[in-house]
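Assemble the whole structure, with the sequences as input and the hints as a guide.
From first to last, the protein sequence lines stand for chains C and F.
Positions 1 to 162 (my numbering) are the ones given, in order, by the first sequence.
Positions 1 to 162 (my numbering) are the ones given, in order, by the second sequence.
There are no misleading hints in this set.
Note: identical chains are not told apart, hence a pair may lie in one copy or across any two.
Result set (BS3-like, lysine-lysine): computed pairs, CA atoms no more than 30 Å apart in a straight line:
id, residue 1, residue 2
1, 52, 8
2, 52, 94
3, 52, 12
4, 123, 8
5, 94, 8
6, 52, 123
7, 143, 123
8, 123, 94
9, 33, 52
I should point out that these hints are in silico values taken from the structure, not numbers from a laboratory.
All of these numbers come straight from a predicted model, not from anything done at the bench.
There are 2 protein chains.
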Amino acid sequence: MSLEIERKFLVKSDAWRGLAEPVRMRQGYVATKDGTTVRVRVVGGEAFLTLKDHAVGLVRHEFEYPIPVEDAETILDTMCGNLVEKNRYRIPAKEAGLFWEVDEFLGANAPLVTAEIELPDEKTVVELPGWIDHEVTDDHRYKNNNLAEHPFSEWCERKETK
Amino acid sequence: MSLEIERKFLVKSDAWRGLAEPVRMRQGYVATKDGTTVRVRVVGGEAFLTLKDHAVGLVRHEFEYPIPVEDAETILDTMCGNLVEKNRYRIPAKEAGLFWEVDEFLGANAPLVTAEIELPDEKTVVELPGWIDHEVTDDHRYKNNNLAEHPFSEWCERKETK
Numbered sequence: 001m002s003l004e005i006e007r008k009f010l011v012k013s014d015a016w017r018g019l020a021e022p023v024r025m026r027q028g029y030v031a032t033k034d035g036t037t038v039r040v041r042v043v044g045g046e047a048f049l050t051l052k053d054h055a056v057g058l059v060r061h062e063f064e065y066p067i068p069v070e071d072a073e074t075i076l077d078t079m080c081g082n083l084v085e086k087n088r089y090r091i092p093a094k095e096a097g098l099f100w101e102v103d104e105f106l107g108a109n110a111p112l113v114t115a116e117i118e119l120p121d122e123k124t125v126v127e128l129p130g131w132i133d134h135e136v137t138d139d140h141r142y143k144n145n146n147l148a149e150h151p152f153s154e155w156c157e158r159k160e161t162k
Numbered sequence: 001m002s003l004e005i006e007r008k009f010l011v012k013s014d015a016w017r018g019l020a021e022p023v024r025m026r027q028g029y030v031a032t033k034d035g036t037t038v039r040v041r042v043v044g045g046e047a048f049l050t051l052k053d054h055a056v057g058l059v060r061h062e063f064e065y066p067i068p069v070e071d072a073e074t075i076l077d078t079m080c081g082n083l084v085e086k087n088r089y090r091i092p093a094k095e096a097g098l099f100w101e102v103d104e105f106l107g108a109n110a111p112l113v114t115a116e117i118e119l120p121d122e123k124t125v126v127e128l129p130g131w132i133d134h135e136v137t138d139d140h141r142y143k144n145n146n147l148a149e150h151p152f153s154e155w156c157e158r159k160e161t162k
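This is the structure:
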């Protein structure tokens with residue numbers, strides 16, 4: 001079990017490109033209940049089953065277990081409904097040991113780009129790079145389980161994407 | 001991944017008692033969606049996270065992974081709502097290699113007793129012991145995830161329990 005403390009932002013330019021190589025992620029949600037999510041993710045040659053409870057402030061409990069990729073692919077194809085596919089770029093933050101995880105969504109969630117930063121403490125202050133736009137930590141529309149069911153392209157206003 | 005093919009029955013006498021020693025199970029449901037369930041179970045000194053899809057006929061796909069007991073206890077206490085507790089008795093069937101799993105439910109699901117048998121094939125014919133009552137395979141009220149939310153004591157008719 002671990003605690004996940006993170007903030008999420010939109011991204012307003014392409015200045016982050018070239019700062020890291022992407023990894024492709026494919027994920028889906030087996031079920032959700034009252035903000036609790038059960039996620040299956042395939043990333044590179046690995047797969048994970050992850051339970052997260054509802055966030056209290058910035059904090060969520062997270063339980064993550066590696067599972068066989070073959071199982072994950074079957075679960076994604078048969079139990080998860082719509083999937084989320086994205087490229088993730090892991091960019092070192094100015095703060096030592098912290099990383100910006102920029103997600104470039106594909107398919108029905110293109111052209112959404114978000115940037116998340118996982119913090120050691122709720123009170124940690126981070127310097128926002130120039131390519132960071134406004135914060136959407138508390139905006140449920142941008143949660144990945146919501147993006148699976150309600151893809152960005154269905155509800156975005158064009159002005160938000162650039 | 002495995003296929004689970006099973007039939008479930010009520011039990012009409014105590015003649016099964018003494019045929020096996022019980023193990024105590026404590027389980028809960030992280031989330032359910034359209035018949036897909038995500039279950040956490042603690043049994044003896046072990047714990048498992050299990051995904052099952054909706055049944056087609058007698059058949060369900062099942063993915064089961066061992067997880068740390070400490071994680072399981074935290075998940076049960078914080079993410080699962082009402083739990084199901086029961087004693088399970090694993091009784092050899094007349095058919096070689098098959099077992100009757102008699103579940104004696106506790107707490108809000110007492111005095112319910114069910115008997116399940118897992119089959120190698122949907123067409124397998126089994127001889128029903130004298131203590132077996134009518135079949136409830138297709139009765140959703142007796143599914144464990146339903147019993148968590150809607151315990152037997154809340155909806156049983158007394159005539160069904162004996």
